[in-house]
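Protein chains in written order, with this note's numbering: chain A, 1 to 172; chain B, 1 to 203.
To be clear, the hints were calculated from the coordinates, so they are not data collected in a lab. One thing to keep in mind: the hints can contain errors.
To be verified - Taking beta-carbon pairs under 7 Å as the criterion, some of the chain A residues facing chain B (in silico):
| hint | residue |
| --- | --- |
| 1 | Leu37 |
| 2 | Gly40 |
| 3 | Ser41 |
| 4 | Met109 |
| 5 | Gly145 |
| 6 | His147 |
Unchecked claim - To list a few chain A residues with every Cβ distance to chain B over 10 Å, as calculated:
| hint | residue |
| --- | --- |
| 7 | Val17 |
| 8 | Val18 |
| 9 | Glu50 |
| 10 | Gly51 |
| 11 | Arg87 |
| 12 | Ser92 |
| 13 | Thr117 |
| 14 | Glu132 |
| 15 | Val133 |
| 16 | Pro137 |
| 17 | Leu138 |
| 18 | Glu141 |
| 19 | Thr150 |
| 20 | His154 |
| 21 | Leu169 |
Here a beta-carbon is modelled for each residue, glycine too, at the ideal position from N, C-alpha and C.
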Amino acid sequence: MNSPAHMKARLEVDPLVVEVAVGGVCVASHPQSLTTLALGSCVGVALWDEGRGCGAMAHVMLPCASQTTPDRESARFASWAVPELVRMLVESGSDPRSLCAKIAGGAAMFRSNSTTTPVGQRNVAEVRHQLEVAGIPLCAEDTGGGHARTIELHLDSGVLSVRSYRLGLRHL
Amino acid sequence: MRAEGLTAMQLDALREISAIGAGHAATALSELVERTLRIEVPTIEVIPIERMPYVLGGPEDVVGAVYARLTGEIEGGLLYVATPDAVCKILELLGEECTHDPDGPDEHLAGVVVDVMGHLIRSFLAAVSAMTGLEARAAETSWAYDMAGALLEAVVLEVGARADSAVFVRTAFIDANRAVEVAMFFVPDPESLGAILTRVGLA
Chain A
1 MNSPAHMKAR LEVDPLVVEV AVGGVCVASH PQSLTTLALG SCVGVALWDE
51 GRGCGAMAHV MLPCASQTTP DRESARFASW AVPELVRMLV ESGSDPRSLC
101 AKIAGGAAMF RSNSTTTPVG QRNVAEVRHQ LEVAGIPLCA EDTGGGHART
151 IELHLDSGVL SVRSYRLGLR HL
Chain B
1 MRAEGLTAMQ LDALREISAI GAGHAATALS ELVERTLRIE VPTIEVIPIE
51 RMPYVLGGPE DVVGAVYARL TGEIEGGLLY VATPDAVCKI LELLGEECTH
101 DPDGPDEHLA GVVVDVMGHL IRSFLAAVSA MTGLEARAAE TSWAYDMAGA
151 LLEAVVLEVG ARADSAVFVR TAFIDANRAV EVAMFFVPDP ESLGAILTRV
201 GLA
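Whole structure, please, built from the sequences with the hints as guidance.
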């Protein structure tokens, strides 16, 4: 049963790294960190509360729900996810004025001749708009381009690590 | 029309159409490389579109992908996905040298892969057109080489606003020296899926 491969697989799942699913939101505090994988045109939104060493993250897929979307209250949409992140942190005891935001993603994964604004750009615009409405400063961002990103928010330092195959590791 | 809402006969018909399409694609590739390639019996599943990013392994695994937006009487999208190893094997089939560069094929080699995949896509569509009498064209083909999760998600977001189901085809093109494993997602929008099933008498 306890083959080396089996042990390795178990050890690689770090219980302190909380993975935010596609279209999901999560709150965590140090010593935990928050991560979300393989952002393409999606945008990872990370909020950090320096004083409390805690934060929240969303992996948004689309700017807003359409008129006909049945589940409009979904973290898939930036228009809902960003206010929800703020609400969750305030509920856990944060002062919204002490929060700062870092965002990454919003790439165009396939080059297209389409004349409509790419979904990645629209995602970034809506996230910025929602942060402005909530009064949260945007402290750093790594958005656009044509490459996928995996991000991790370190809740002690507020550093957002951005990993990509194209550009390696960056710290925001 | 959702994958879960399709009857067993409709699923069978979609699988049959896709298998014939994949067979045509293999023939087209044989002609291109001027030697006979066998095709492995394809595994074909009809899946809800949200599952697309999860059926190929880890979301951070690197893949090469060619995406074609479909226009005509069948609208939607068609995506070919190959692991870095399979991308190299495709290039080798065509007599190109694969450098195993971690950044993926350079512009020239990527162009070669897009041309081949574009050819496979057009043969697949020609077969579907012949069976259904519906015209299907690849409007444009584009290339990406990056994390599978991000690429599949981008396709889900482009066609997912309208489509619900994807036909997921896995097969391999085999010659004497190698087996090139490829995965293909055929994502017709709901009206087009309805039209296909109507034409084969199963709507």
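Hints and how they fare:
{"no.": "1", "hint": "Leu37", "in the structure": "5 Å, holds"}
{"no.": "2", "hint": "Gly40", "in the structure": "3 Å, holds"}
{"no.": "3", "hint": "Ser41", "in the structure": "5 Å, holds"}
{"no.": "4", "hint": "Met109", "in the structure": "4 Å, holds"}
{"no.": "5", "hint": "Gly145", "in the structure": "11 Å, violated"}
{"no.": "6", "hint": "His147", "in the structure": "6 Å, holds"}
{"no.": "7", "hint": "Val17", "in the structure": "14 Å, holds"}
{"no.": "8", "hint": "Val18", "in the structure": "16 Å, holds"}
{"no.": "9", "hint": "Glu50", "in the structure": "29 Å, holds"}
{"no.": "10", "hint": "Gly51", "in the structure": "33 Å, holds"}
{"no.": "11", "hint": "Arg87", "in the structure": "25 Å, holds"}
{"no.": "12", "hint": "Ser92", "in the structure": "28 Å, holds"}
{"no.": "13", "hint": "Thr117", "in the structure": "13 Å, holds"}
{"no.": "14", "hint": "Glu132", "in the structure": "24 Å, holds"}
{"no.": "15", "hint": "Val133", "in the structure": "24 Å, holds"}
{"no.": "16", "hint": "Pro137", "in the structure": "27 Å, holds"}
{"no.": "17", "hint": "Leu138", "in the structure": "22 Å, holds"}
{"no.": "18", "hint": "Glu141", "in the structure": "17 Å, holds"}
{"no.": "19", "hint": "Thr150", "in the structure": "6 Å, violated"}
{"no.": "20", "hint": "His154", "in the structure": "19 Å, holds"}
{"no.": "21", "hint": "Leu169", "in the structure": "13 Å, holds"}
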